[in-house]
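S.K.: Read off the chains here:
There are 2 protein chains.
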Amino acid sequence: MLTTKSIYEQILLSIESGALQPGCRLLETDLANQFGVSRTPIREAIRTLESEGLVIHKPRVGAELRLLTQQEIVELYEMRTVLEATASEMAAKHASSSELRTLETLNIQMFEAATDPNEVAIYNRQFHICIINSARNRFLSHSYNSLSHSLILLGKTTLENEKRVQDVTDQHEKIIDALKSGSKYEASQAMREHMEASLDHRLKAVHINV
Amino acid sequence: MLTTKSIYEQILLSIESGALQPGCRLLETDLANQFGVSRTPIREAIRTLESEGLVIHKPRVGAELRLLTQQEIVELYEMRTVLEATASEMAAKHASSSELRTLETLNIQMFEAATDPNEVAIYNRQFHICIINSARNRFLSHSYNSLSHSLILLGKTTLENEKRVQDVTDQHEKIIDALKSGSKYEASQAMREHMEASLDHRLKAVHINV
DNA sequence: TTGCATCCAATTGTATACAATATTTCCATT
DNA sequence: AATGGAAATATTGTATACAATTGGATGCAA
Numbered sequence: 015m016l017t018t019k020s021i022y023e024q025i026l027l028s029i030e031s032g033a034l035q036p037g038c039r040l041l042e043t044d045l046a047n048q049f050g051v052s053r054t055p056i057r058e059a060i061r062t063l064e065s066e067g068l069v070i071h072k073p074r075v076g077a078e079l080r081l082l083t084q085q086e087i088v089e090l091y092e093m094r095t096v097l098e099a100t101a102s103e104m105a106a107k108h109a110s111s112s113e114l115r116t117l118e119t120l121n122i123q124m125f126e127a128a129t130d131p132n133e134v135a136i137y138n139r140q141f142h143i144c145i146i147n148s149a150r151n152r153f154l155s156h157s158y159n160s161l162s163h164s165l166i167l168l169g170k171t172t173l174e175n176e177k178r179v180q181d182v183t184d185q186h187e188k189i190i191d192a193l194k195s196g197s198k199y200e201a202s203q204a205m206r207e208h209m210e211a212s213l214d215h216r217l218k219a220v221h222i223n224v
Numbered sequence: 015m016l017t018t019k020s021i022y023e024q025i026l027l028s029i030e031s032g033a034l035q036p037g038c039r040l041l042e043t044d045l046a047n048q049f050g051v052s053r054t055p056i057r058e059a060i061r062t063l064e065s066e067g068l069v070i071h072k073p074r075v076g077a078e079l080r081l082l083t084q085q086e087i088v089e090l091y092e093m094r095t096v097l098e099a100t101a102s103e104m105a106a107k108h109a110s111s112s113e114l115r116t117l118e119t120l121n122i123q124m125f126e127a128a129t130d131p132n133e134v135a136i137y138n139r140q141f142h143i144c145i146i147n148s149a150r151n152r153f154l155s156h157s158y159n160s161l162s163h164s165l166i167l168l169g170k171t172t173l174e175n176e177k178r179v180q181d182v183t184d185q186h187e188k189i190i191d192a193l194k195s196g197s198k199y200e201a202s203q204a205m206r207e208h209m210e211a212s213l214d215h216r217l218k219a220v221h222i223n224v
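Residue numbers (my numbering), protein chains in the order written: chain A, 15 to 224; chain B, 15 to 224.
Everything labelled a hint here was simulated from the structure, so no lab data went into it.
Just so you know, not all the hints are guaranteed correct.
Given that identical chains are not distinguished, each listed pair holds provided it fits within a single copy or across any two copies.
To be verified - With a straight-line cut-off of 27 Å between C-alpha atoms, the simulated BS3-like cross-links for lysine-lysine are:
{"id": "1", "residue 1": "Lys-194", "residue 2": "Lys-170"}
{"id": "2", "residue 1": "Lys-107", "residue 2": "Lys-198"}
{"id": "3", "residue 1": "Lys-19", "residue 2": "Lys-72"}
{"id": "4", "residue 1": "Lys-177", "residue 2": "Lys-19"}
{"id": "5", "residue 1": "Lys-218", "residue 2": "Lys-188"}
{"id": "6", "residue 1": "Lys-218", "residue 2": "Lys-194"}
{"id": "7", "residue 1": "Lys-188", "residue 2": "Lys-19"}
Note that the structure is predicted; figures quoted are calculated from it, not measured.
All chains, full assembly: derive it from the sequences and hints.
M.R.: So this is what it looks like as structure tokens:
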């Protein structure tokens with residue numbers, strides 16, 4: 015059954031898969047036909063996307079998928095760095111041993127899936143979400159969730175080759191070690207470095223696409 | 015003319031004024047009658063409130079205004095501290111001289127309005143928003159905006175007497191001084207202290223209300 | 001009195017119809 | 001040929017009607 019919530023998620027997936035490109039218009043009628051529902055649930059899904067910042071909505075004109083400038087991409091990663099570094103700092107205090115084991119497992123699975131970029135991306139996302147949730151702050155989780163939706167506007171992962179996966183899992187391991195030893199400063203610093211490396215790769219990828 | 019957006023803002027105002035109490039149900043039909051519109055724009059406004067976390071929405075049951083636990087209030091302020099301290103750090107680098115003058119003016123106006131808590135609250139909000147925007151990060155501004163909406167769930171200001179206003183404007187002045195001298199660390203530290211004092215007062219106020 | 005099943009009222013979820021507005025097209029005028 | 005403007009079209013905004021679901025009320029039986 016297609017409900018408003020599932021349509022919202024479907025649209026997110028469509029953005030992620032590239033079926034909906036940043037900058038393109040979101041026509042209510044088209045989407046309604048596409049999903050086989052009326053315009054009402056589509057409108058509500060679009061409103062949610064709008065309040066998350068994925069969609070620019072001009073009254074009486076319509077919605078279009080936001081297209082991020084290079085400057086905005088930098089700001090997005092700057093904000094992501096703040097949230098993830100903060101989360102790491104808090105997680106160093108609050109993470110349960112079960113969560114620490116989960117992080118280790120995810121990192122190993124990610125390494126072993128190195129040849130499949132899509133699978134790697136999934137494990138990577140779970141890894142970061144696990145850290146965020148280990149911080150034990152609902153508002154932080156909520157903000158991160160919204161921000162991570164904006165991230166999908168950037169398109170496919172930057173985890174495209176095995177060398178890169180190796181680097182990333184190494185950085186993850188540093189973070190895990192810091193979390194295990196409970197050292198706030200090290201954990202947040204390791205995450206900051208991880209994020210900087212991630213932005214570097216992202217900007218290179220953008221450059222290639224342009 | 016009452017459009018979806020203005021209805022959304024009206025509901026926020028109703029929460030702020032106390033007309034809508036946390037925990038109460040938001041009945042679409044009632045709100046529609048109250049604003050003299052159909053249910054459609056009401057539903058969309060509620061969807062926006064939901065995605066900002068102000069409203070809990072159970073399918074087929076309806077929406078109710080979120081009621082924050084004491085623990086959640088602490089988490090809210092913890093997150094607010096992160097965002098505002100980060101903003102102060104960035105603003106120490108990016109704030110324009112015009113923005114710095116604006117902050118000084120707002121702080122003076124706030125001090126002079128000390129006998130009118132509502133006016134004080136307005137200047138206070140503008141002060142903090144100005145710092146956030148001085149950070150020059152759209153995603154930070156967006157997150158803070160959403161978070162500040164959750165803050166209104168807590169009800170009226172804690173700026174209820176002149177002694178308290180004096181303390182707050184003093185703290186603001188420290189922040190301004192740090193921003194003017196461009197020292198990241200001092201600015202973020204001054205903001206952290208300001209936020210801690212603010213949480214202390216908030217928790218006392220909650221205690222009294224209970 | 002309590003437990004349970006059933007029905008009814010209240011309320012949300014969706015579809016559709018209509019109104020208002022923006023955009024485009026095309027023609028007349030310069 | 002360029003430009004301005006008016007009509008036509010496309011699209012969103014809102015209202016309303018109907019379907020689906022929930023929560024409670026009612027009544028019956030143990």
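S.K.: Take the hints in turn and mark each one as holding or not.
M.R.: Verification of the supplied hints:
1. Lys-194 - Lys-170: neither (31 Å within a copy, 42 Å between copies)
2. Lys-107 - Lys-198: both (7 Å within a copy, 25 Å between copies)
3. Lys-19 - Lys-72: both (23 Å within a copy, 11 Å between copies)
4. Lys-177 - Lys-19: Neither: 38 Å inside a chain and 49 Å across chains, both beyond 27 Å.
5. Lys-218 - Lys-188: Within. Shortest intra-copy distance 24 Å satisfies the 27 Å Cα cut-off; inter-copy 41 Å does not.
6. Lys-218 - Lys-194: neither (33 Å within a copy, 35 Å between copies)
7. Lys-188 - Lys-19: So Lys-188 and Lys-19 fail the 27 Å test inside a copy (37 Å) and across (46 Å) alike.
When each numbered hint is compared with the structure, violations occur for hints 1, 4, 6, 7.
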